[in-house]
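Trainee: Sequence:
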Amino acid sequence: MPKQDFINQEKFQKILERARKLKQKKFSNVIDKEGNQYVDLVQEGGGVLGIALVGYTYVLEEAGIRFFGLAGTSAGAINTMAMAGTGKINERKSEKVLEAFTNKNLFDFVDGDATLKKITQEAIDGKPLKKLKWKLLFNIKKVKKALLEELGMNPGDDFEHWIEDVIKKSDAHVETIADLIDLRRGKNFPEGLDIVMARRSGMTGL
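Here this note's numbering runs 268 ahead of the position in the sequence shown, where the first position is 1.
Among the hints, a few may not be true.
[As the list claims (entries may be wrong)] In silico lysine to aspartate or glutamate, EDC-like type, Cα no more than 20 Å apart, as pairs:
id: 1; residue 1: 282; residue 2: 330
id: 2; residue 1: 386; residue 2: 376
id: 3; residue 1: 271; residue 2: 376
id: 4; residue 1: 356; residue 2: 432
id: 5; residue 1: 412; residue 2: 379
id: 6; residue 1: 436; residue 2: 393
id: 7; residue 1: 271; residue 2: 312
id: 8; residue 1: 436; residue 2: 330
id: 9; residue 1: 301; residue 2: 359
id: 10; residue 1: 289; residue 2: 273
id: 11; residue 1: 356; residue 2: 278
If you're looking for bench data, these hints aren't it; they were derived computationally from the structure.
Please model the entire structure based on the sequences and the hints provided.
Mentor: Right, here's the structure in full:
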């Protein structure tokens, strides 16, 4: 689904309308001159369902919430890394992350043996388990090699290249961990922010 098709859904637009009304509500005592409020955010895992986190952070940003400390696990760590590395602390980043996801065929992440990838696709398409079982048994050597020698059915190379491109090709141009740390440092804090208050509350970066 293209990014705009996702954003323009009637239900999502109604959620965004409600989020905008929350800008008047106080969630944090750390506020910049634009009126954005700052909090820390920890995102949980959940496999493919973790994509829903992009919609969650999109709505929070629409409500005027921005994030100092960012952390996450599994799928939540993916969104965390993308948000941390694609813009400054005060910038809205969820739309960039959403665009990256909607432009990517997520099945590309299934980047293991071609035969096993085909079997995986057949399972997704609903092929009966009995037929798939015989195919797996016929390819048992490939399955064993993937699980015992390659530590999984898919090496994850495609994902690594994708997330690297998302971050490197963003306006932030993060190339290294040092670049990422620098992007989140106090010198890049938003204008008009009470830095002393931010430090007291423990929100000083990643």
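Trainee: When you check the alpha-carbon spacing of residue 356 and residue 278, does it fall within 20 Å?
Mentor: Violated, because 30 Å separates the two Cα atoms, which is more than 20 Å.
Trainee: Within 20 Å, alpha carbon to alpha carbon, are residue 301 and residue 359?
Mentor: 13 Å, holds
Trainee: Given the hinted pair residue 436 and residue 393, is their alpha-carbon gap at most 20 Å?
Mentor: Judged against 20 Å, a Cα distance of about 34 Å means the pair is violated.
Trainee: Do the alpha carbons of residue 271 and residue 376 lie within 20 Å of each other, as the hint requires?
Mentor: Between residue 271 and residue 376 the Cα gap is close to 19 Å, so the pair holds against 20 Å.
Trainee: Is the straight-line distance between the alpha-carbon of residue 436 and that of residue 330 20 Å or less?
Mentor: 25 Å, violated
Trainee: Given the hint that residue 282 pairs with residue 330, does the C-alpha gap stay at or below 20 Å?
Mentor: 12 Å, holds
Trainee: Going straight from one Cα to the other, do residue 386 and residue 376 come out at no more than 20 Å?
Mentor: Answer holds: residue 386 to residue 376 is near 12 Å, not above 20 Å.
Trainee: Given the proposed pairing of residue 271 with residue 312, does the C-alpha separation stay at or below 20 Å?
Mentor: 23 Å, violated
Trainee: Residue 356 and residue 432 were given as a pair; does the straight-line alpha-carbon distance stay at or below 20 Å?
Mentor: Given pair residue 356, residue 432 holds - Cα atoms ~17 Å apart, limit 20 Å.
Trainee: Checking one constraint from the list: CA of residue 289 to CA of residue 273, max 20 Å. Satisfied?
Mentor: Violated: residue 289 and residue 273 sit about 23 Å apart, past 20 Å.
Trainee: Quickly compare the C-alpha distance for residue 412 and residue 379 to 20 Å and report which way the hint goes.
Mentor: 16 Å, holds
Comparing the model with each earlier hint shows violations of hints 6, 7, 8, 10 and 11; every other hint is respected.
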